[in-house]
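Colleague: Listed in order, the protein sequences are those of chains A and B.
Residues in the first sequence are numbered from 1 upward in steps of one, following our numbering.
Residues in the second sequence are numbered from 1 upward in steps of one, following our numbering.
Derived by calculation from the structure, the hints in this document are not laboratory data.
These numbers were taken from a predicted model, which means no experiment stands behind them.
A portion of the hints provided could be inaccurate.
As the list claims (entries may be wrong) - Label pairs and their computed distance ranges (CB to CB):
no. : chain 1 : residue 1 : chain 2 : residue 2 : range
1   : B       : K361      : A       : C93       : 18 to 24 Å
2   : A       : L71       : B       : E41       : 57 to 63 Å
3   : A       : C93       : B       : A467      : 36 to 42 Å
4   : A       : D51       : B       : P291      : 24 to 30 Å
5   : A       : K63       : B       : Q245      : 30 to 36 Å
As the list claims (entries may be wrong) - Cross-link-like lysine to any residue pairs, in silico, SDA-like; alpha carbons within 25 Å at most:
no. : chain 1 : residue 1 : chain 2 : residue 2
6   : B       : K305      : A       : E61
7   : B       : K434      : B       : Q466
8   : A       : K31       : B       : L220
Glycine included, each C-beta is placed from N, C-alpha and C at the ideal position.
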Amino acid sequence: MFPIKRFAAIAMLFSLALPGVQAADLITGIKGKQVELFDVADDAKPGRKVDASGLPWTIKEEKNSFLKVTLGGKDAWIDSMQVNVVRDAKSDCPPKNSTQPDIGAVLPGAAPSRCR
Amino acid sequence: MRRVPRPKALLLAALLASCGIAQAEEPASEQAMPAVKLIGELPPAPAHQWSDLTVDLNDHRTAGNGLVSAPALSKYLNGLYTHIKIAAGVPDWPGAVHISSDTTLNAHASASGNIYLHMGLIRSAESEDEIYGVLAHEFAHIYLNHQAAYEAHQVASNAVTGAKVALLGIFQKKLPGTNPSWSAFDSLALVDGVVHDSLIPVWQRDVEEQADMFAATLSLRERYSYPSGYKAFLERLAALEQREQASQPFGAPEGGATPAAAPGTTRKTHATAREREEVLTAKMLPLMPRPRPAPRKAPWQAVVKDKETAEVLAHFALLPEIAKLQAAGRNADALKLAQVAASGATAGDGTMLLVLQGAMKRTGASIEEQRAVLLRNRSWPERSWSVQYQAAMLVTPEQQPFAKEFLQEQYAYFGEAPRTWPDMVGFYFRNGDKFSQLALSLKCTTEARFRDACVYNTQTDAQRQQAANQAANRQQQQLNKWEQKLKDKLKLNQ
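Can you make the complete structure from the sequences, with help from the hints?
Modeller: Right, dumping it as structure tokens:
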């Protein structure tokens, strides 16, 4: 194989391997009636309370459990504890193994089984 | 957030109790199963009866495509597990972390102390906080002895099946708004939904909530970030739920509604991820330390970028691409990608070899070539039963004696794990080895989990059809009997 092609193939593989870089995470809801917007990723000073409109909000950055979003053309930080976030998940059902019964011998997992 | 008990659930609980069904709950309460009442406090560890580590590992090596070999990742995960045991005050407890080839976002624990992280979870996680949170959740099930109680609840679940059938008659006539055109099967599904959603999963949801609180407690103690950790994991689950709901067809499927099979099927045993996250976050909010712990992304990123681990993850990431190519009929391209997937750090991995063998089959490779690929798994650190079994299937009639010898060798290698019994019985059946078939079939009757599968694998298609018809008749008769009995008991026979 031509070295450049080989390099490209390896680069492609490694890009597939790195978690969390493909899809943008979103804020899809707020936990209270209003959400606080902060100028920095910290809540030492009180934020400005605003209504949630135009959801979902794309998360541009994450720092100290605060999420950076752009609202009305301006960047603001939101406490991740105050919002509902939908994050990227890589979960695929494997091909069904027809030779085996679908029987679990252990406790149910951290999530319910998704593949039947 | 407390759930208000629904009147229907209470009525059902009373009914079940009156039928003696609720007695099946007793074994669970007899187990030493401490409860986590608050975040920040752990109950003392109860006495444990550990199940055999090797038996447990063989059970997992024979399930699905088995386990994944990724030494650097395993070392890292086991380091975290050691810290969790120390934080919980039980550093000497048995068990290790293993990587399951299951590609879903999940993890599970066993009564041996082992924890299995699925590839879907490993591929999705972005920080050590997240992995720590999930490991701590799984460890909670071990620490709190949930396995023993879960087994008791499985017994209860079997007993409830009888009650479901009895309740059918009542629900068909008494539930307001019940569609009179529904068949008995549809109504059974409704009853199934009501009973399960109301009783058994309430216990299981409570167990999951306790494990969530346990995970939050350890995360706080060890100064892991909750928002970037366990909360992030629940948010990924919520994303999956959202995807699933979006893919559900609107309205009832043709041929009758089956409410219990609606999107809520995945909610039977667990509250939704969104609910779990809401409850836990509300509890965590007043406990959050100041300043908040920074997420530990660097150690996790370092381990997933380790050359070998990165290659394992990259090859697993190819699987959906291969499936897409095959779905599009591009079998030659799929084969090329499958060859990449089954190379380097996953050259002998069970999943990759089965995918490669499948791709080779689609492009017309001979069975010798396919078998040769599968046999690479024999010298791999993680041997997969599925691969060995598949290799034994790829023989000509003249090679059958060798196949039997080979498979029996594998059977011994996997400690004669019960999970292999249905395969072995089926193999003997197809090859006319009646003595071996009978001997193993008898053994299989002692293992409730696989009994039916063993029987199924020794039936011809005609026998299976006949058995299905008989089962349907029996179910109808039993249903009629229970309905009458319950009506008599509750004087509903007017």
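Colleague: Please name the hints from earlier in the document that this structure breaks, with their numbers sorted from lowest to highest.
Modeller: 2 and 3
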